[in-house]
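Line order of the protein sequences matches chains G and L. Here the working numbering is used: the first residue of the first sequence is 1, the next is one more, and so on. Here the working numbering is used: the first residue of the second sequence is 1, the next is one more, and so on.
To be clear, the hints were calculated from the coordinates, so they are not data collected in a lab. Take these hints with a grain of salt, some might be off.
What the hints assert, rightly or not - Capping the alpha-carbon separation at 20 Å, the derived lysine to any residue pairs in SDA-like fashion look like this:
| hint | chain 1 | residue 1 | chain 2 | residue 2 |
| --- | --- | --- | --- | --- |
| 1 | L | LYS163 | G | ASN39 |
| 2 | G | LYS255 | L | CYS39 |
| 3 | L | LYS384 | G | VAL195 |
| 4 | G | LYS234 | L | LYS270 |
| 5 | L | LYS270 | L | ASN213 |
| 6 | L | LYS336 | L | ILE267 |
| 7 | G | LYS173 | G | VAL195 |
| 8 | G | LYS234 | L | ILE385 |
| 9 | L | LYS34 | L | PRO53 |
| 10 | L | LYS44 | L | GLU102 |
| 11 | G | LYS255 | L | ILE267 |
| 12 | L | LYS336 | G | ASN39 |
| 13 | L | LYS99 | L | CYS39 |
| 14 | G | LYS234 | L | ILE117 |
| 15 | L | LYS336 | G | LYS173 |
| 16 | G | LYS117 | G | ILE136 |
| 17 | G | LYS255 | L | ASN236 |
| 18 | L | LYS209 | G | GLU21 |
| 19 | L | LYS163 | G | LYS164 |
| 20 | L | LYS6 | L | VAL369 |
| 21 | G | LYS234 | L | HIS398 |
| 22 | L | LYS197 | G | GLU21 |
Treat the numbers as computed from the prediction; the structure is a model and nothing was measured.
This is what each chain is made of:
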Amino acid sequence: MIVKKDKIADNTYSIWFYHPEICNHFMAGQFLILMVTENGERIPLTIADIDKNNSLVRIIFQVVGYTTKLLSELNVNDSIYSVLGPLGNALKLPENTKKVLLVGGGVGVAPLYPKIKEISIHLKLTADVVIGARNINLFILTDEIEKIANKLYLFTDDGSSGHKGLVTDGIKKAIEDNGNYDICIAIGPLIMMKVVVELNKSLNLPTYVSLNPIMLDGTGMCGGCRFLYDNEVKFVCVDGPIFDGFKVNFDDLMKKNAQYKEYECKLNS
Amino acid sequence: MRLEPKMQDPLSRIRNFEEVSLGFTEEEAILEAKRCRLCGICVKGCPVNIDIPGFIKEIQEKNFRESIDIIRKYSVLPAVCGRVCPVENQCESQCIYNKKGEAINIGALERYVADLISEKPEISIDENGKSVGIVGSGPAGLTAAFELRKAGFTVTVYEALHKPGGVLRYGIPNFRLPDSIVDKEINYLLSMGVNFKLNFLVRKTIFLKELLNLHDGLLLATGAGLPGQLNIPGENGGQVFLANEFLTRMNLMHAYEFPKYHTPIRIPKKAVVIGGGNVAMDCARVARRLGAEVILAYRREEKDMPARRDERIHAKEEGVQFFTLTNPSEIILDEKGLVKGIKLEKMKIIGIDEKGRNKIEGTAQYFDVDCDMVIVAIGQRPNKIIQENSEGLVFDDHGLIKVDENLRSSNPKIWAAGDIVTGAATVILAMGEAKKASANMIKSLLN
Ligand SMILES: Cc1cc2nc3c(=O)[nH]c(=O)nc-3n(C[C@H](O)[C@H](O)[C@H](O)COP(=O)(O)OP(=O)(O)OC[C@H]3O[C@@H](n4cnc5c(N)ncnc54)[C@H](O)[C@@H]3O)c2cc1C
Ligand SMILES: Cc1cc2nc3c(=O)[nH]c(=O)nc-3n(C[C@H](O)[C@H](O)[C@H](O)COP(=O)(O)OP(=O)(O)OC[C@H]3O[C@@H](n4cnc5c(N)ncnc54)[C@H](O)[C@@H]3O)c2cc1C
Ligand code: SF4
Ligand code: SF4
Ligand code: FES
């Protein structure tokens, strides 16, 4: 059951709902799969936060299509038809990591938030954050991140807030200001993760990405989320969703994610 | 002469997802039953040894209630088995009339009485105060739930998906096994007081260790849900499906009723299905019902196909083209990464293997087929999630749980049954194993 719902930016919502099992088993980095109605589609969303004392789970999502729209129309006291989770694996950092750069773009900021929290609050490491958005209206969670990040850099394409430029400019700036990082975690649209990985390869900065293919069951049964990782087939739902970005073939994934575009349009019209 | 139930005509049935076989009428059932000599030789062909002459005799005498009561002593899912058992390899293969190709239609008779008398006897349950957990709600899990509840245990079934039934729900299409039949079975278990916890992925939503604390015994019946892959170029392209994704989208998520149901599927013009088992036939026939031209490519000959005879015949009647002695070597993608064709290699027969099937080898002669969807249906293995060597469980190289002759694992509180023990098999085998495991659980846990 939904206990709290807020619109936190244009087209972006935060929902807290009651789910003791997820709360009791959650590790940062995991996601869930939900259906809004019995006829609905199963969609994956990152578990953005949990409130263990009250058995509450938080999701933050951007309305991009039909299912996220239906979800945004639910209100406090409504129930979500089905929720399966927590799924996927926990975030595991290499040993001796001290300084982490976290990079989020667009809706990737929602799944980035629990990682910042984990690294900064629980692991007590240095967590600097770069967030990019097209314009000032698209920033989400910046207040919350400001509280837990060591340093926060905001970049907009049009310069309407923070610095003008892309997240890759943000990475360069962060390194300029603070020196080298042990690892970078980048989450956002595939194209963003691709350019970040390209830059970081040239900088020799190891980079984790969290992948977001189209999923169905989320239990390793359908193979729909498979992709080629270092010449081996992996399932994002059970082997991921976090992977070494240097080994991911982004071009293939981008093509695959576009498969249903024209059909989803039909639902929305 | 062997009687077959009436079928929906192929031309109309490829436009719907309604059941293909219409089942016997009373008259037909009695006529077919009367051919039976009640000799009982067929019983050894049934994995759960149903008293076949017993139930057929009651049909001969129009005692349908008595007939189904006999079957129910052995099987909890007769309406399911009567529809999906590969009878030509099981009971009917042993029938004395089989040599002449006129085996008694045992499956159709079983289905007839199961459908006719679908309400079930009320069972009075003596609670024994103990509790068991069952992981997975396929035929093995459902059978065990029935047996263990009957013996007085509190029973909780944990299922990862949002609907129970396992392969019966997400794999086997409605035109072979309607959802309503599966629902009836589940409702019966509910009425007996079996608890279902859906959306529970054991090892993620709840850990095995916790289940061991919650219950006196556990049965793992998680099936073999991981689809095999060809490992050829292009296999990860758009519109290349592993069988489970295609079937789950269509059967569990009802993509063919898009947009009433919200899960989409791209309607193919021409689909190529790889494989020759039940899964491949189901994929081919589902794709046909989406209006596609369908080619089924299999590397051996038709006689080697592991699929049920009826499925093969029905697929052909429905216009699925069989390309035998062909093996895919590459899936060809367009610039957007979507399938535009498949390269097939011609195979040749070079002898007979130990199972009596053709042995084959490649000829290095290739040909291309244009298509806009490829479905890979070449076998199933256990899912990765359950395969963690913990709590004393041991798995073999194929990911199957190691059990003793009583289906008890190396952890004395955990039993296992169904495809997770045998590898991909049949519904009735999974049920037979589950019965055996349940019997041993009852014996051990009540001592
Ligand atoms: C592990 C994981 C974690 C995720 N976490 C979040 C999150 O925390 N917040 C959030 O807002 N979103 C998240 N996503 C993406 C989210 O699942 C999709 O936005 C959602 O499925 C879209 O559903 P829809 O029906 O509203 O849109 P649709 O109508 O299905 O799709 C709209 C557009 O989005 C594309 N699309 C569809 N599914 C996905 C997908 N899974 N990923 C990317 N694009 C997709 C379609 O091709 C289409 O172009 C996550 C995805 C994964 C795999
Ligand atoms: C498409 C298809 C067609 C078939 N056709 C026939 C046929 O015509 N005749 C025939 O006899 N056989 C057929 N078979 C084979 C038959 O369906 C299987 O042998 C049988 O279903 C196995 O039963 P099971 O109970 O062991 O597993 P399944 O039916 O696979 O059920 C396992 C269940 O466990 C759940 N699960 C898995 N892991 C977890 C976990 N960690 N936590 C919680 N739940 C979990 C799964 O979601 C699933 O619901 C077919 C199989 C397929 C795939
Ligand atoms: S359960 Fe299957 S094998 Fe056994 S008698 Fe019935 S149809 Fe034949
Ligand atoms: S073997 Fe054939 S004839 Fe004999 S009992 Fe069985 S079905 Fe009847
Ligand atoms: S979503 Fe089905 S295997 Fe990952």
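- Within a Cα-Cα threshold of 20 Å, do LYS255 (chain G) and ASN236 (chain L) meet the stated pairing? holds (10 Å)
- Query: Would the pair LYS209 (chain L) and GLU21 (chain G) pass a check requiring their Cα atoms to be no farther apart than 20 Å?
  - Reply: holds (14 Å)
- Message: Run the distance test for LYS197 (chain L) versus GLU21 (chain G): straight-line Cα separation, threshold 20 Å.
- Response: holds (12 Å)
- Is the straight-line distance between the alpha-carbon of LYS255 (chain G) and that of ILE267 (chain L) 20 Å or less? Holds, because 18 Å separates the two Cα atoms, which is no more than 20 Å.
- Compare the distance between the alpha carbons of LYS117 (chain G) and ILE136 (chain G) with 20 Å, and conclude whether the hinted pair is satisfied. violated (23 Å)
- Item | 20 Å Cα cutoff - pair LYS6 (chain L), VAL369 (chain L) | Violated, because 35 Å separates the two Cα atoms, which is more than 20 Å.
- Query: Under the criterion that the straight-line Cα-Cα distance not exceed 20 Å, is the pair LYS336 (chain L), ILE267 (chain L) satisfied?
  - Reply: holds (17 Å)
- Query: If you draw a straight line from the CA of LYS234 (chain G) to the CA of LYS270 (chain L), is it 20 Å or shorter?
  - Reply: violated (28 Å)
- Query: CA of LYS270 (chain L) to CA of ASN213 (chain L), is that 20 Å or under?
  - Reply: violated (52 Å)
- Message: Checking one constraint from the list: CA of LYS234 (chain G) to CA of HIS398 (chain L), max 20 Å. Satisfied?
- Response: This hinted pair holds, its Cα atoms lying about 18 Å apart.
- Is the hinted pair LYS163 (chain L) and LYS164 (chain G) satisfied, with a Cα-Cα distance of at most 20 Å? violated (49 Å)
- Message: Run the distance test for LYS336 (chain L) versus ASN39 (chain G): straight-line Cα separation, threshold 20 Å.
- Response: violated (30 Å)
Violated hints, listed in ascending order, are 2, 3, 4, 5, 12, 14, 15, 16, 19, 20; each of the other numbered hints is respected by the structure.
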